[in-house]
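*Asks:* Residues per chain are reported as follows:
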Amino acid sequence: MHTEPKGFLGKYVFSFDHKVIGIQYLITAMFMGLVGGTLALMIRTQLQHPDMVIFSKAIITPESYLSFVTMHGTIMVFFLVSMAISGFANFLIPLQIGARDMAYPFLNMLSFWTVVPSCLLMLGSFFVPTGAAASGWTMYPPLSAVPEAVPGSGFGTTMWLLGMALFIASFTMGGLNFLVTIINCRAPGMTMWRLPIAVWGFLVATILGLLAFPPLTSAAIMLLFDRHGGTSFFVTDMVINDQVLALGDGTPLLFQHLFWFLGHPEVYVLVIPPLLMTMEIIPVFTRRPMFGYRQSVWALFIISFLSMIVWGHHMFVTGMNPYVGKYFSIATVIITAPFAVLGINLLASLWRAKLKMTVPMLFALSVISAVGFGGFGGLFLGTMVSDIFFHETYFVVGHFHLMIGVVTMLGIFAGWYFWFPKISGRMMSERLGRWHFWLTAVPMISLFIIMHLQGMGGMVRRTFDPATYDYNSGANQMLRFPITFLAFVVFFAQVIFFYNIIISLRRGEKAGKNPWHSATLEWTTPSPAPHGNFGESLPRVGCGPYEYSQGDDEEGYLPQAEGPQAGETDDA
Amino acid sequence: MNAAGLTASQRAACNRTLLGALLATVIMLFTGFAAAYLERSTSGATWERMEFPPLLLVNTFVLLLSSVALEWARRGQERGQERTLAPALALGALFVTLQCVTWFMARDAGLFVSTTAYAAFFYLLTGLHALHMVAGLIALAYASRHRDVLRFATGFWHFMGGIWLYVLLVLTVF
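Chains as they are written, first to last, in our numbering: chain A, 61 to 632; chain B, 848 to 1021.
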């Protein structure tokens, strides 16, 4: 056991303690989320009033608008959601499986301190003369490879690629740690089938990420060589601004394949952990065992396997062979089946249960409806015929925001309200939490549903001035206002969230060990959990994670640490 | 090293899982490049091979010898004999040096990363592999002092030897 550090640096900055590292990740993610959210508001303002002068025309120009879109996507996907999930995984895995720390605490610290320079590179790229990367978060070459194409493809893109390389390095270190810890460091009696289901989520998402990120690394390396080494992996001879560029004879499509081989599993890396954190929270507030625990885990494995072989559905319009497209289409729609298993298990867990409507439970329920709406739109995008119409429209934007923006963020909020007592030792204010919930969940879900409608009307993505196109007048223009209005509501509702955190940290009700009467291991430790988590000896686990009594009695449950111990009964 | 309060056997199990997962990511990384290579070599664009540097055969032999020397040392050490990792380390370092020599020879023959697509893949694949070999050398050097990571470092080294054969296969056959 590493000894408890005494100094400020060792305790809060370069800490080996998984709980501190988890909180570091969460705080960094919050900060990056504010940056990403501000960018979203600037994008919405521009779309709402393409002709209005905001601050000055120097801030939102066609070029910088593209940078904002690109960096909004990058920051939200990799530096808000991924990092918040890393934060929860760091904080929860050792506590929930009954370990004293991660398997490799030093690697864990290194993982966080690799992602910090990565954040700085991304943020710093706004301040280079040519601006931040501007070819979309997907970084398609040749746009991203040729500096003549758009100003953002100058030094900003180099910083983006280096930042992404550091991010992948950090993710790999963190992910290897999660995987090894879950597999090898469980407390005595904690079999794989007794794991809290959130841990299964972290495990599966980690495996997916570890397998999917390296091909993106290879693509990023080749793109860097195309930009600076004179190679032609992805670029071809082309004419830009009447200027002939002899760049060789590469294949830009190759990048798309390598990118989406990561890109699609990455969606599941983002969605699965918050979704399963939701599944983890629901039994606590229905006071019943989860419906279909094992089936959910198997469904999860099928989902993640399928997610690695369907990347082509992002590329239907690239002129791929229709037979290949048909395969990708069918494989994509098959994912619906295991996903329906998860959905039905979630709903069945609620069926005729007596719900306790606490704030984490409200957020958990909103996740279920967001998954429903988001998944429904996915059917139209997974099917080749309709996708060719919807491609590059706001239908796509609305769909992926619902899945990797709303589902993930609502799940993360649910987790935050649920585990905040364990993080800080105090309860969040329920009253403020409810205000935060209603002003976040409802506007978030509805604004992205409206985006679907706009997309059906033909509104195209990444357009600086939508009014240039005739079809964006009329109904499509009218839909713009509710979206912008709701986006501002969601952003400023977060003021309540941050105010709630500050006020609860100072004056919140003391939480005690187990405020929610939950059965899993993290609630057997004092709040906040001490260094080394579990005192003198590790807990011995004797039963599954959701042994609740199905009654009104809040004490009627069997904590995992108190289940029948091996030797006392013949453990079937 | 035992930072998370684990027993020695738990620690060994952790190292085994870590090695497996790490190698999976390495496989995926090289698969990414190999997929790009296959696509690029068959997409109908110009594709000029370079003359295969004969020195690479010598390098391959040196790498094979280093694996043998490493296995000799590991088996001895696990039986309690005093066998040093020095020959394996020396052969490994020789391999990396010879790879550098190969690159310099290719450069002197007028072949740069930007000359042809094949040359670009040649430099990238061999260079990436050499980087992993350097990491492997550091792991081996560490393992010569810390017995508990010897199996981890050995496994990584042998595996990267296998990846070298894969790189050779890709560069010569396809």
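Please note that a few of the clues may not be correct.
[Stated by the list, open to error] Part of the chain B face toward chain A, derived, beta carbon under 8 Å:
#, residue
1, T854
2, Q857
3, A860
4, C861
5, A883
6, A956
7, G957
8, S961
9, A964
10, A967
[Stated by the list, open to error] Cβ pair distances, simulated, as ranges:
#, chain 1, residue 1, chain 2, residue 2, range
11, B, R992, A, S609, 42 to 48 Å
12, A, P590, B, T907, 51 to 57 Å
13, A, F436, B, L911, 36 to 42 Å
14, B, E918, A, K573, 39 to 45 Å
15, A, I394, B, S856, 40 to 46 Å
16, A, V188, B, R998, 44 to 50 Å
Source of the hints: derived by calculation from the structure; they are not laboratory data. Note that the Cβ used here is the ideal one computed from N, Cα and C, for glycine as well.
*Asks:* Indicate, hint by hint, whether the structure satisfies it.
*Replies:* Checked hints:
1. Residue-level restraint check for T854 (chain B) is violated (minimum Cβ-Cβ distance to chain A is 11 Å; threshold 8 Å).
2. Against a cut-off of 8 Å between C-beta atoms, the interface hint on Q857 (chain B) holds, since the closest Cβ of chain A lies about 6 Å away.
3. Because the smallest distance between the Cβ of A860 (chain B) and any Cβ of chain A comes to about 5 Å, under 8 Å, the interface hint for this residue holds.
4. Below 8 Å, beta-carbon pairs count as interface contacts, and C861 (chain B) has one with chain A at about 5 Å; its hint therefore holds.
5. At a threshold of 8 Å, the smallest CB-CB gap from A883 (chain B) to chain A is about 6 Å, leaving the interface hint in force.
6. With 8 Å as the threshold, the beta carbon of A956 (chain B) stays out of range of chain A, its nearest partner Cβ sitting at about 17 Å, so the hint is violated.
7. For G957 (chain B), the interface hint is violated, since its Cβ never comes within 8 Å of a Cβ in chain A; the closest pair sits about 14 Å apart.
8. With 8 Å as the threshold, the beta carbon of S961 (chain B) comes within range of chain A, its nearest partner Cβ sitting at about 3 Å, so the hint holds.
9. A least Cβ separation of about 6 Å between A964 (chain B) and chain A falls short of the 8 Å threshold, and the interface hint therefore holds.
10. About 4 Å separates the beta-carbon of A967 (chain B) from the nearest beta-carbon of chain A, less than 8 Å, and the hint is met.
11. Here the CB-CB span from R992 (chain B) to S609 (chain A) is close to 55 Å, at odds with the stated 42 to 48 Å.
12. For the pair P590 (chain A) and T907 (chain B), the beta carbons lie near 54 Å from each other, so the given range of 51 to 57 Å is met.
13. For the pair F436 (chain A) and L911 (chain B), the supplied restraint of 36 to 42 Å is violated, since their beta-carbon distance comes to about 57 Å.
14. For the pair E918 (chain B) and K573 (chain A), the supplied restraint of 39 to 45 Å is violated, since their beta-carbon distance comes to about 52 Å.
15. Evaluation of the 40 to 46 Å hint for I394 (chain A) and S856 (chain B) yields a pass: the beta carbon distance comes to about 42 Å.
16. Checked against the given bound of 44 to 50 Å, the beta carbons of V188 (chain A) and R998 (chain B), roughly 46 Å apart, stay inside it.
The structure fails hints 1, 6, 7, 11, 13, 14 (numbered hints given earlier, in ascending order).
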